[in-house]
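> This is what each chain is made of:
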Amino acid sequence: MSITEQLAEIPWGLVWPLIAIQFVLMTAALIDLNKKRSTNGPIILWVFIIIFINTIGPILYFTVGRRHS
Amino acid sequence: MNQYRLFLGKEWREQARSFKLFWVPLVFIFFGALEPLTYHFLPQILESVGNLPEGSEFTLPEMTGADVYASLTGQYQTVGLLVLVLAFMGSLSGERKSGTGTLLYVRPISYAAYYLSKWTSAVLLGAASLWLGYGMAATYIVQLYDQVPDLRDVVLFLLVMAVWIVFVVTLTLTASASLPTGGAAGAALGILFIGMMIDGLVGTYWTWSPWKLQSYGLAYLTGGPDTGDLAGALIVTAVLTALLALFGILQARRNAAKAKV
Chain A
8 MSITEQLAEI PWGLVWPLIA IQFVLMTAAL IDLNKKRSTN GPIILWVFII
58 IFINTIGPIL YFTVGRRHS
Chain B
1302 MNQYRLFLGK EWREQARSFK LFWVPLVFIF FGALEPLTYH FLPQILESVG
1352 NLPEGSEFTL PEMTGADVYA SLTGQYQTVG LLVLVLAFMG SLSGERKSGT
1402 GTLLYVRPIS YAAYYLSKWT SAVLLGAASL WLGYGMAATY IVQLYDQVPD
1452 LRDVVLFLLV MAVWIVFVVT LTLTASASLP TGGAAGAALG ILFIGMMIDG
1502 LVGTYWTWSP WKLQSYGLAY LTGGPDTGDL AGALIVTAVL TALLALFGIL
1552 QARRNAAKAK V
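Chains as they are written, first to last, in this note's numbering: chain A, 8 to 76; chain B, 1302 to 1562.
Isolated chain A, as found in the complex (with noise of 0.2 Å):
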């Protein structure tokens, strides 16, 4: 099966909610690491967390990652 066969068995329509939850919520968290530029931790690290990890990296940004001060 080639991979363009493979992409459009994908039902989008289902699936599309998760990845836009998915992009926003790591827009937000990458907006918001570069605002504030403290973090617990190196920044390249949690942009790295943010990036790769799905989900849960932005949360975890989000709950320990950013710095109160």
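What the hints contain is simulated information worked out from the structure, not anything from laboratory work.
Please note that the accuracy of each hint is not assured.
Here are some chain A residues pointing at chain B (derived, C-beta under 8 Å) [what the hints assert, rightly or not]:
| no. | residue |
| --- | --- |
| 1 | Leu21 |
| 2 | Pro24 |
| 3 | Ile26 |
| 4 | Ile28 |
| 5 | Val31 |
| 6 | Leu32 |
| 7 | Ala35 |
| 8 | Asp39 |
| 9 | Thr62 |
| 10 | Pro65 |
| 11 | Ile66 |
| 12 | Phe69 |
| 13 | Thr70 |
Here are the computed lysine-lysine pairs in the DSS-like style, where the Cα-Cα straight-line distance is at most 25 Å [to be verified]:
| no. | chain 1 | residue 1 | chain 2 | residue 2 |
| --- | --- | --- | --- | --- |
| 14 | B | Lys1561 | B | Lys1311 |
| 15 | B | Lys1311 | A | Lys43 |
| 16 | B | Lys1561 | B | Lys1398 |
| 17 | B | Lys1311 | B | Lys1398 |
| 18 | A | Lys43 | B | Lys1398 |
| 19 | B | Lys1561 | A | Lys43 |
| 20 | B | Lys1311 | B | Lys1321 |
| 21 | B | Lys1321 | B | Lys1398 |
| 22 | A | Lys43 | B | Lys1321 |
| 23 | B | Lys1559 | B | Lys1398 |
| 24 | B | Lys1311 | A | Lys42 |
| 25 | A | Lys42 | B | Lys1321 |
| 26 | B | Lys1559 | A | Lys42 |
| 27 | B | Lys1311 | B | Lys1559 |
For glycine and all other residues, C-beta sits at the position ideal for the given N, C-alpha and C.
Let chain A serve as the given structure and place chain B on it in line with the hints.
Quick look at chain B alone, frame taken from chain A:
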């Protein structure tokens, strides 16, 4: 009353600026969408993940709408509670630590208004997130599954779950009023999960507990719970919530002295 309104405005601003207003509902909605999809496409997922020996066959049970609600509730009982506790663990302790506290505590504020404003905003956000999550799940369940529970039953179930969430949020806020942030999260999660373990062990005999609420709520989807036990559990939970809130107000006042300057 005036103070309460002012504090409430402050709480909403705080929740918006820390993005809580935004990511807590999204997480619940995400799981609400994921759960029905996973069960509906489980055969395809198993096939594509592979690693099954040749010729192995599974007979997967036919899932009904109620089963999906039950499994999503299981998900919310772990991940959902974790998210809520992590989101609200610093509500009071964080202000003591960051210095916002000192700006407030030097004024003659009413600690009841202070605590209750936090409580109101946290409870509303928690319950709304939970309902949005189940709403998302409901839209998928209606599309993908043949047998779906009545709307009336689902609404009753959501109301019972909201009472449970109010209890969880109150516990977290009171822990945050009494302890530093880390300790608050540990205490709240510890009480919640140990309660679940105790409920698993002696739940058949201890029918009036907050930890029973989710199973009574789910019973609405598959026929209807024992209304006597449900009423008992609701009353016990309401009394516990009120006591926790009262204790939280007292602790918030007592710990005001611990605020960092």
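> A separate judgement is required for each hint: does it hold in the structure or not?
How the hints compare with the structure:
no.	hint	verdict
1	Leu21	holds, 6 Å
2	Pro24	holds, 5 Å
3	Ile26	violated, 10 Å
4	Ile28	holds, 5 Å
5	Val31	holds, 7 Å
6	Leu32	holds, 6 Å
7	Ala35	holds, 6 Å
8	Asp39	holds, 6 Å
9	Thr62	holds, 6 Å
10	Pro65	holds, 7 Å
11	Ile66	holds, 6 Å
12	Phe69	holds, 5 Å
13	Thr70	holds, 4 Å
14	Lys1561/B to Lys1311/B	holds, 20 Å
15	Lys1311/B to Lys43/A	holds, 20 Å
16	Lys1561/B to Lys1398/B	holds, 6 Å
17	Lys1311/B to Lys1398/B	holds, 18 Å
18	Lys43/A to Lys1398/B	holds, 18 Å
19	Lys1561/B to Lys43/A	holds, 22 Å
20	Lys1311/B to Lys1321/B	holds, 14 Å
21	Lys1321/B to Lys1398/B	holds, 19 Å
22	Lys43/A to Lys1321/B	holds, 16 Å
23	Lys1559/B to Lys1398/B	holds, 9 Å
24	Lys1311/B to Lys42/A	holds, 21 Å
25	Lys42/A to Lys1321/B	holds, 16 Å
26	Lys1559/B to Lys42/A	violated, 30 Å
27	Lys1311/B to Lys1559/B	holds, 22 Å
Hint check: violations occur at hints 3, 26; the rest are consistent with the structure.
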